[in-house]
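Protein chains: 2
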Amino acid sequence: MRDFSAGLAHLAINTATLRKQLELPAILEACARRGIRSVCPWRDQVKRAGLASVARQLRDSQIALSGYCRGGFFPAADALGLRTALDDNRKAIDEAKTLGAPCLVLVVGALPGALQGRPAHKDIALARAQVVDGIAATLAYARQVAMPLAIEPLHPMQAADRACINTTEHALDICDALDPNRSGALGVAIDVYHTWWDPKLESQIARAGRDRLLAYHVCDWLLPTRDLLNDRGMMGDGIVELKKIRAWVEAAGYLGPAEVEIFSERWWNEPTEVLLDTCEARYHTVV
Amino acid sequence: MRDFSAGLAHLAINTATLRKQLELPAILEACARRGIRSVCPWRDQVKRAGLASVARQLRDSQIALSGYCRGGFFPAADALGLRTALDDNRKAIDEAKTLGAPCLVLVVGALPGALQGRPAHKDIALARAQVVDGIAATLAYARQVAMPLAIEPLHPMQAADRACINTTEHALDICDALDPNRSGALGVAIDVYHTWWDPKLESQIARAGRDRLLAYHVCDWLLPTRDLLNDRGMMGDGIVELKKIRAWVEAAGYLGPAEVEIFSERWWNEPTEVLLDTCEARYHTVV
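Keeping their order, the protein sequence lines are chains Z and P.
Remember, our numbering sits 675 above the position in the first sequence when you count from 1.
Remember, our numbering sits 675 above the position in the second sequence when you count from 1.
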């Protein structure tokens, strides 16, 4: 297992972690000052800052991407919605390319309208079929431009409204179906928050292997968890066995960064430097 | 599929649904008045009312049990805790026997101390091993007295603190290991709230079959869900495909009642008759 106790070579910051404190250019400046060498930005943050400007800042500050958040949300209630989602994913791929991302992370979507509290239907099997079709269509373009797609299985508590792919096994079944030759064009993003509970996690990480392990996200599961979306914990503050899971992903061949992705009302209210100090300290000790 | 549109023959009420409104004797009276013919009481409710008294009231009012809640919570931080859990499960079996329950529902437990916010450790694999050992030891006594044990897989969002068995597949793997001959002594309780999201639910229900489908619980998954424990929805108010899942359990051979189990701050604040009226109406139309 790699030694994280010194240096920051394998630390990445998902920029949603600081979305309430700073705009993206300031986040990148803060990371550059500290010697944090990779980030995973979100599309809305990039849009506000300007794609070309962000690309330039990344180059100038020699910050790499650990991924780009996010494509997906494929299911829709009608043909226009399905088409719009595909167009949007194509744009996300182009942006990821411009920024030099190693992969586009896919939060695949679920029941159309559910995130707005008005689900168009309850047929999760239909949503799942639309996800597979959407990934298949997007993959054709992603292959052309060589941008790997990383399916992120989300926690089952988000199955209705955010992502109807909820286990690593299910995500890998889709990879097997759409990319049977393991070309590297399609894989998974393993986020410990979404997957720690899965009794098959170790075996499915081994199954994924280096070809399909495209991203690794860390935070923690708090006791009690008070919100289904924005109560993620800082690494070490919850019950996730972070070193055990990292050992599994590294044994399977993953050598990319550990990306800190914390959606937390608590941490969004902390000063930037306190939050980043804590991320670094926990990276050295518990990740 | 059975017709639920008239009569109440297949409706059961899990008495936690009314735990803030009434004590158990009054819940049983309300059910008897309405012609609801089965309930699943909780141990704390039975204890307050007195075991012998509840048994007598059930006989007198000809109300059957759909199950008994609950055994389980096997993991512990030390040998004394493990032994105490086994003793307590033995007592639960005896109570279930006295009340004429068709099964004892097991909420298996998870990280010891987690429910109190002070987990003794983070090793979920250890907790899972202790669960298997605990069920094995309890099963020996349950067989002697002919009280089937129903493992209830809980939603993965409750994996750390309430039950570390979170998929029907995992529960059935344990059934296969401990009761390979499918004697009927060990099976599962399928609660749609905990399992609706599972892409393998249909296939695992079929795998369970009549021998292992010991209970079927209904409520609904709300959008948004605001609490990880006490925000269950009334059937029809959320996105669970209730009739589709009931078709699966009936096709697999389950012919017991549909048991309404709603933990909800909202419904606990409604008058008893409004809540039971609604349960009956939804039983007829959407369950």
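The set of hints was computed from the structure by calculation and includes no laboratory data.
Warning: the hint list may mix true and false statements.
Note that the list lumps identical chains together, so a pair holds whenever it fits in one copy or between two copies.
[Unchecked claim] Listed below are the simulated BS3-like cross-link pairs for lysine-lysine, each with C-alpha atoms no more than 27 Å apart in a straight line:
no., residue 1, residue 2
1, Lys-918, Lys-797
2, Lys-919, Lys-797
3, Lys-766, Lys-918
4, Lys-875, Lys-918
5, Lys-722, Lys-695
6, Lys-797, Lys-722
Status of each hint after checking the structure:
In this assembly of identical chains, the alpha carbons of Lys-918 and Lys-797 lie at most 27 Å apart only when taken from different copies (11 Å versus 38 Å within one copy). Taking CA atoms no more than 27 Å apart as the test, Lys-919 paired with Lys-797 passes between copies only; the shortest distance there is 11 Å, against 37 Å inside one copy. For the identical chains of this complex, Lys-766 and Lys-918 are neighbours neither inside a copy (36 Å) nor across copies (40 Å), given an alpha-carbon limit of 27 Å. Taking the shortest alpha-carbon separations for Lys-875 and Lys-918, only the intra-copy value of 17 Å comes in at or below 27 Å, while the best inter-copy value is 29 Å.
For a Cα distance limit of 27 Å, the shortest separation of Lys-722 from Lys-695 inside one copy, 16 Å, qualifies, whereas the shortest one across copies, 50 Å, does not. Within a single copy, Lys-797 and Lys-722 get their C-alpha atoms no closer than 33 Å, and across copies no closer than 40 Å, so neither meets the 27 Å cut-off.
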